Amino acid sequence: MNKRKLVPYFPSGVSIKNRSVYDATLDVSLPMNSTAKVMLTEIDGKQDMEKIINNLNTKFNIDENTLFHDVASLFGSLNQNYMLNWKYETGNKFKDALLHFFSQYKIGYKERFNIGDFDFFSIFLKMLLVVIRKIVLFWTIVMILCIVAYSFIQSDFILSLAYYFSISYIGIITSFSLHETLHAYMQRKMTSKYPGFIASDLLSLRLVRPVIMPYQKKMIWITVLGPLIPGIFGVLGIILTQLLGVSGSLAYTLNIIFITFALHILYLLPFVGDGKSIVEQLMLNKLGG
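Mapping of the sequence shown onto our numbering: residues 1 to 289, in sequence order.
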């Protein structure tokens with residue numbers, strides 16, 4: 001799609017404040033000069049890039065292509081820092097939805113999803129929908145391949161593959177959603193400020209949250225509980241499945257789901273994800289005395 005037809009907009013919580021772009025979810029300000037402020041004040045969530053360039057063309061006496069390059073560079077920089085999102089408005093809502101969905105698989109894609117709720121289940125539902133949106137395409141491709149394969153070879157193996165792949169996907173989606181929900185929920189409960197947001201890019205999905213200095217120990221607990229609770233749930237589930245003597249396809253199904261939860265304990269390793277973050281926080285605490 002023509003880049004000039006893209007519509008930029010500020011996500012909820014991001015606004016122009018004096019001579020900076022302010023993010024209320026992180027309490028972070030990005031300073032800007034007067035020229036950038038003029039460009040950014042054109043963003044209203046309705047005008048596409050072409051209209052914005054036309055408006056700015058009356059304010060700056062420079063070549064239109066140069067102006068477009070400067071504006072696109074500024075907006076792109078904000079997008080890479082999750083302070084600006086893009087959307088499509090072609091006049092066809094179905095087409096807009098498709099373009100928006102497939103845009104997440106483009107190189108350089110960045111998008112921010114805010115979590116305004118403080119209720120655990122509301123946060124979990126929001127996280128669940130974002131995760132499903134992110135990885136449902138890969139599940140769909142595998143299911144199509146299984147259907148095509150089964151149309152040529154009526155094999156129980158193909159049906160089993162499709163079933164257990166779907167079960168593993170359910171486990172991945174729910175365990176990851178619970179992991180990130182715990183981070184977000186505990187952040188709100190323990191610090192009661194600056195909730196952060198969900199950051200989505202081409203290959204990852206994560207919760208971005210600020211390190212709040214008066215709450216160093218609480219921040220470590222917030223980091224630990226995200227992977228720890230799903231991990232414990234998974235380990236207990238595997239143990240109970242064995243103790244109760246569950247067998248057959250039900251045992252395979254439950255074990256696959258519980259294993260996807262149990263694997264979250266690996267996030268606590270000091271060189272991976274949350275574990276690495278915990279080590280960094282402990283080092284900062286030591287340096288801070």
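For the record, the hints were derived by calculation from the structure and aren't laboratory data. Careful: at least some of the hints might be erroneous.
So the derived label-pair ranges between C-beta atoms look like this [said to hold, decoys possible]: (1) F152 / L30: 26 to 36 Å; (2) F102 / S73: 42 to 52 Å; (3) L203 / F165: 14 to 24 Å; (4) S15 / A149: 19 to 29 Å; (5) K218 / K276: 49 to 59 Å; (6) F165 / G248: 57 to 67 Å; (7) S249 / S12: 42 to 52 Å.
In silico SDA-like pairs for lysine to any residue, Cα to Cα no more than 25 Å straight-line [said to hold, decoys possible]: (8) K17 / V7; (9) K95 / I107; (10) K106 / K17; (11) K93 / K37; (12) K217 / I229; (13) K59 / G76; (14) K217 / I259; (15) K189 / Y22; (16) K87 / N114; (17) K51 / L6; (18) K134 / K17; (19) K37 / E50; (20) K37 / Q80; (21) K106 / W86; (22) K189 / Y252; (23) K134 / D156; (24) K87 / E50; (25) K110 / T90; (26) K217 / R206.
If you're wondering where the values come from, they're calculated on a predicted model, not measured in any experiment. Each residue gets a CB set at the ideal place from its N, CA and C atoms; glycine is no exception.
Here is how each hint holds up against the structure:
no.	hint	verdict
1	F152 / L30: 26 to 36 Å	violated (56 Å)
2	F102 / S73: 42 to 52 Å	violated (24 Å)
3	L203 / F165: 14 to 24 Å	holds (20 Å)
4	S15 / A149: 19 to 29 Å	violated (52 Å)
5	K218 / K276: 49 to 59 Å	violated (19 Å)
6	F165 / G248: 57 to 67 Å	violated (19 Å)
7	S249 / S12: 42 to 52 Å	holds (45 Å)
8	K17 / V7	holds (21 Å)
9	K95 / I107	holds (20 Å)
10	K106 / K17	violated (31 Å)
11	K93 / K37	violated (31 Å)
12	K217 / I229	holds (18 Å)
13	K59 / G76	holds (21 Å)
14	K217 / I259	violated (30 Å)
15	K189 / Y22	holds (23 Å)
16	K87 / N114	holds (15 Å)
17	K51 / L6	holds (10 Å)
18	K134 / K17	violated (32 Å)
19	K37 / E50	holds (18 Å)
20	K37 / Q80	holds (18 Å)
21	K106 / W86	holds (13 Å)
22	K189 / Y252	violated (37 Å)
23	K134 / D156	violated (29 Å)
24	K87 / E50	holds (14 Å)
25	K110 / T90	holds (21 Å)
26	K217 / R206	holds (21 Å)
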